[in-house]
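What follows is each chain in one-letter form.
Protein chains: 4
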Amino acid sequence: MYPQPIQKLIELFSQFPGVGPRTASRFVFYLLKSSDQDIEKLIGAVQDLKKKTGICELCFNPFSRAESSSEDRLCPICSNASRNQGIVCIVEKESDLEAIEKTNTFKGLYFVLGGTLGQLRKEDLSKLRVKELKARVAKEGVKEVILALNPTTEGEATALYLEGVLKPLLKKITKLGRGLPMGGEVEYADEETLRQALEGRR
Amino acid sequence: MYPQPIQKLIELFSQFPGVGPRTASRFVFYLLKSSDQDIEKLIGAVQDLKKKTGICELCFNPFSRAESSSEDRLCPICSNASRNQGIVCIVEKESDLEAIEKTNTFKGLYFVLGGTLGQLRKEDLSKLRVKELKARVAKEGVKEVILALNPTTEGEATALYLEGVLKPLLKKITKLGRGLPMGGEVEYADEETLRQALEGRR
Amino acid sequence: MYPQPIQKLIELFSQFPGVGPRTASRFVFYLLKSSDQDIEKLIGAVQDLKKKTGICELCFNPFSRAESSSEDRLCPICSNASRNQGIVCIVEKESDLEAIEKTNTFKGLYFVLGGTLGQLRKEDLSKLRVKELKARVAKEGVKEVILALNPTTEGEATALYLEGVLKPLLKKITKLGRGLPMGGEVEYADEETLRQALEGRR
Amino acid sequence: MYPQPIQKLIELFSQFPGVGPRTASRFVFYLLKSSDQDIEKLIGAVQDLKKKTGICELCFNPFSRAESSSEDRLCPICSNASRNQGIVCIVEKESDLEAIEKTNTFKGLYFVLGGTLGQLRKEDLSKLRVKELKARVAKEGVKEVILALNPTTEGEATALYLEGVLKPLLKKITKLGRGLPMGGEVEYADEETLRQALEGRR
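Chains as they are written, first to last, in this note's numbering: chain A, 1 to 202; chain B, 1 to 202; chain C, 1 to 202; chain D, 1 to 202.
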């Protein structure tokens, strides 16, 4: 059992995603050895995080907010007139949006759903921004919605659910193409992936 | 150092694909403990392998040959009239063909290329059945060729090369759809895969 | 489903230790592409395996036998007068003996037990050479027995059992030292290993 | 590129041991979703860490310090009269000490060296508490020193160095027993480990 101040911080770090007690203890000893300035820097950054970060009203993606004006309500992507306002790409979480932006391929807008069905327990199903999504898609000018959810059981279930919700509102609902990823091998691909790769051949 | 008869067999098994000396020695001790009948069975099966296996003249896929008639020259797939003779799916090796057949999706014919460019050293570039492929595609009735090669560097290089070779002979040359495989995650997909998944959205 | 001669050999290779159908099929296609001479070589080596290999009457380790004289009954180790006839190292299987010989540390003799308790189903408990072991240890001149079994549940169970069997026959029964292996780390060692490393400190 | 407050915190978390940008971003989004109270709790725990943690003057192990009295100078282990003051177990780092305590086997005292030779660049060789160690061992009553360093290249080098340093001061210098760890296998053990397991047989 580590001394109490160490133990307490280990417990808090252990709540971080994917962090176990052993990793958490390594974090604590790293901090214990860090200079007071470095620790101040970390504390400052944690304090600033929510203060200086706004959530976009349109896509719910976080964005940097000038401390002064807590007025700005749209993220750089949504407020970028040069982007195609007609296509909305629905992603599960912020890091998925980031990954798609990195490809420099998609020029439309996004919508961060905030989770998937499978993952969520009833009590926080509310986290799924379905109401907001319907309002978003109802907005004039939206011609296509891309369901960019993971081809996992959870993602598939969520996509199925959203298709039902959105069909009445909009004609064009698409999903990311399925198939072999770069570096994949025909021999090792599961049957479903191979099937979809054959049907989606171009 | 194991006794010579064991050591010799270890060396031969070590030449099997993906087998190192330790695995090879495990194989040898397995045989050493096997009954004489089981060893006879194995030897028999190895002896029969080439004798009873024919290579299809059309797709170069191996097939079971009645010992008597070494006349039969086509595999069950190529000689199956109910399959679509107009589509030829080019695969690198037999196990890829097997994997695609398992999907029960593809109803055309195949062509086993016998390797990929990257893998092959100059001296055995001959193993790549390019001449045979051109003859095959030139055959009357072939409307589409699917390049079902791995989306690896080697596979891509081979596909590029074959496109050049086949373009003069045939209009429709397709490739397996690229994208996220079942169970994949948007966040972890490489940029190229994600880009192709977006472009190939359906 | 592969053609029958291929399928049959896949099934036989799939019985090799640690080999699944996919690996087995790779083996078969490797043979299908091998030259007839290479296949003959393999068959020859398999046929020679048991014919040219004797099992030592004293330690049950396999050894190379001159085809002519199937008279020789002891392996090179047991018939090596310069080795310490007073210490017998009991190992589970031939590859364990090989591993210990590689260390060039042990100068006594061996005894191949032929398995461990845990692994064996009742019906083949007979495979464990307990009777032979008792006879071996009863032999004049044996001063120490080393139980060089794996520190696994199975190995421990077997060691416990053998201690009971051998205690009446002989005073000095030792086990391999327990502790951290080369490259191991104190932080990640399980409590039992660490405990034994502390007690066995030198 | 994430918004600046997020990006900044990602960079700070990326400096944590074993944390890459992707993991770091997951940490940040976890905090972004956390309640203000939880974030306050984390900040509080980080602020308390150094304030409420003392470093033992004898073994350099951290211990919980009553905020009031920054007088206490020994950790609970060193100030525990019932422990054997005659044996000092030298460990590389705090987590190693923790691991050994967990075994409930060792009843002596510790000394946290603060690193290993290999790891350390010249400039911070000072981190190795060699001077303090010599002083510690010179203390009256110390009969044995256990070098509980990892059996890694770095640990071995450090142990060798410390043996040279400590020999003049003290007769009994021991090391953790080497051998097979629980669950290890004779067949897969490296030669050195097996050699030491044979020599250390008990």
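Some hints could be false.
Intra- or inter-copy, both count: the list cannot distinguish identical chains.
[Claimed, not checked] Taking lysine-lysine pairs in the DSBU-like style, the calculated list, with each CA pair at most 30 Å apart, reads:
no., residue 1, residue 2
1, K41, K107
2, K8, K33
3, K51, K33
4, K33, K52
5, K143, K41
6, K139, K33
7, K134, K52
8, K50, K143
9, K172, K33
10, K102, K139
11, K33, K102
12, K33, K93
13, K41, K139
14, K8, K107
15, K51, K41
16, K51, K172
17, K8, K131
18, K171, K33
19, K127, K33
20, K52, K167
21, K50, K167
22, K33, K107
23, K8, K143
24, K172, K52
25, K41, K8
26, K33, K131
27, K143, K52
28, K107, K131
These aren't lab readings, by the way, just hints derived from the structure by calculation.
Hint by hint, here is what the structure shows:
Taking the shortest Cα distances, K41 and K107 never come within 30 Å of each other, neither inside one copy (36 Å) nor across copies (41 Å). Taking identical chains as interchangeable, the C-alpha atoms of K8 and K33 lie at most 30 Å apart whether they share a chain (17 Å) or sit on different chains (21 Å). Proximity of K51 and K33 under a CA criterion of 30 Å is satisfied in both settings, with 28 Å inside one chain copy and 13 Å between copies. Within a single copy, K33 and K52 get their C-alpha atoms as close as 29 Å, and across copies as close as 14 Å, so both meet the 30 Å cut-off.
Proximity of K143 to K41 under the C-alpha cut-off of 30 Å is found in neither arrangement, the shortest distances being 45 Å within a copy and 46 Å between copies. Taking identical chains as interchangeable, the C-alpha atoms of K139 and K33 lie at most 30 Å apart only when they sit on different chains, with a minimum of 27 Å there against 53 Å within one chain. Taking the shortest Cα distances, K134 and K52 sit within 30 Å of each other inside one copy (28 Å), while across copies they are farther apart (51 Å). Neither within a single protomer nor between protomers do K50 and K143 lie at most 30 Å apart by alpha-carbon distance, with minima of 34 Å and 56 Å respectively.
Proximity of K172 to K33 under the C-alpha cut-off of 30 Å is found in neither arrangement, the shortest distances being 56 Å within a copy and 32 Å between copies. For a Cα distance limit of 30 Å, the shortest separation of K102 from K139 inside one copy, 27 Å, qualifies, whereas the shortest one across copies, 45 Å, does not. With identical chains, the CA atoms of K33 and K102 are at most 30 Å apart between copies only, with a shortest distance of 23 Å across copies and 36 Å within one. For a Cα distance limit of 30 Å, the shortest separation of K33 from K93 across copies, 12 Å, qualifies, whereas the shortest one inside one copy, 34 Å, does not.
Taking the shortest alpha-carbon separations for K41 and K139, neither the intra-copy value of 42 Å nor the inter-copy value of 41 Å comes in at or below 30 Å. Within a single copy, K8 and K107 get their C-alpha atoms only as close as 46 Å, which misses the 30 Å cut-off; across copies the closest is 26 Å, which meets it. Proximity of K51 to K41 under the C-alpha cut-off of 30 Å is found in both arrangements, the shortest distances being 15 Å within a copy and 17 Å between copies. Neither within a single protomer nor between protomers do K51 and K172 lie at most 30 Å apart by alpha-carbon distance, with minima of 38 Å and 57 Å respectively.
For the identical chains of this complex, K8 and K131 are neighbours neither inside a copy (39 Å) nor across copies (32 Å), given an alpha-carbon limit of 30 Å. When the C-alpha separation of K171 and K33 is checked against a cutoff of 30 Å, the pair qualifies neither within a copy, at 58 Å, nor between copies, at 34 Å. Proximity of K127 and K33 under a CA criterion of 30 Å is satisfied inter-copy only: 11 Å between copies versus 39 Å inside one chain copy. Taking the closest pair of Cα atoms, K52 and K167 never come within 30 Å of each other, the shortest separation being 37 Å inside a single copy and 57 Å across copies.
With identical chains, the CA atoms of K50 and K167 are never at most 30 Å apart, being 36 Å at best within one copy and 57 Å at best between copies. For the homomeric pair K33 and K107, the shortest alpha-carbon distance between copies (27 Å) is at most 30 Å, but the shortest distance inside one copy (45 Å) is not. In this homomeric assembly, K8 and K143 never come within 30 Å of each other (Cα to Cα): the closest approach is 51 Å inside a single copy and 36 Å across copies. When the C-alpha separation of K172 and K52 is checked against a cutoff of 30 Å, the pair qualifies neither within a copy, at 37 Å, nor between copies, at 55 Å.
In the homo-oligomer, the alpha carbons of K41 and K8 lie at most 30 Å apart both inside one protomer (21 Å) and across protomers (10 Å), since each shortest distance falls under that limit. In this homomeric assembly, K33 and K131 come within 30 Å of each other (Cα to Cα) only across copies, at 19 Å, whereas the closest approach inside a single copy is 48 Å. Taking CA atoms no more than 30 Å apart as the test, K143 paired with K52 passes in neither setting, with 33 Å inside one copy and 59 Å between copies. Taking identical chains as interchangeable, the C-alpha atoms of K107 and K131 lie at most 30 Å apart only when both belong to the same chain, with a minimum of 24 Å there against 44 Å between chains.
Of the hints listed earlier, those the structure fails to meet are numbers 1, 5, 8, 9, 13, 16, 17, 18, 20, 21, 23, 24 and 27, in rising order.
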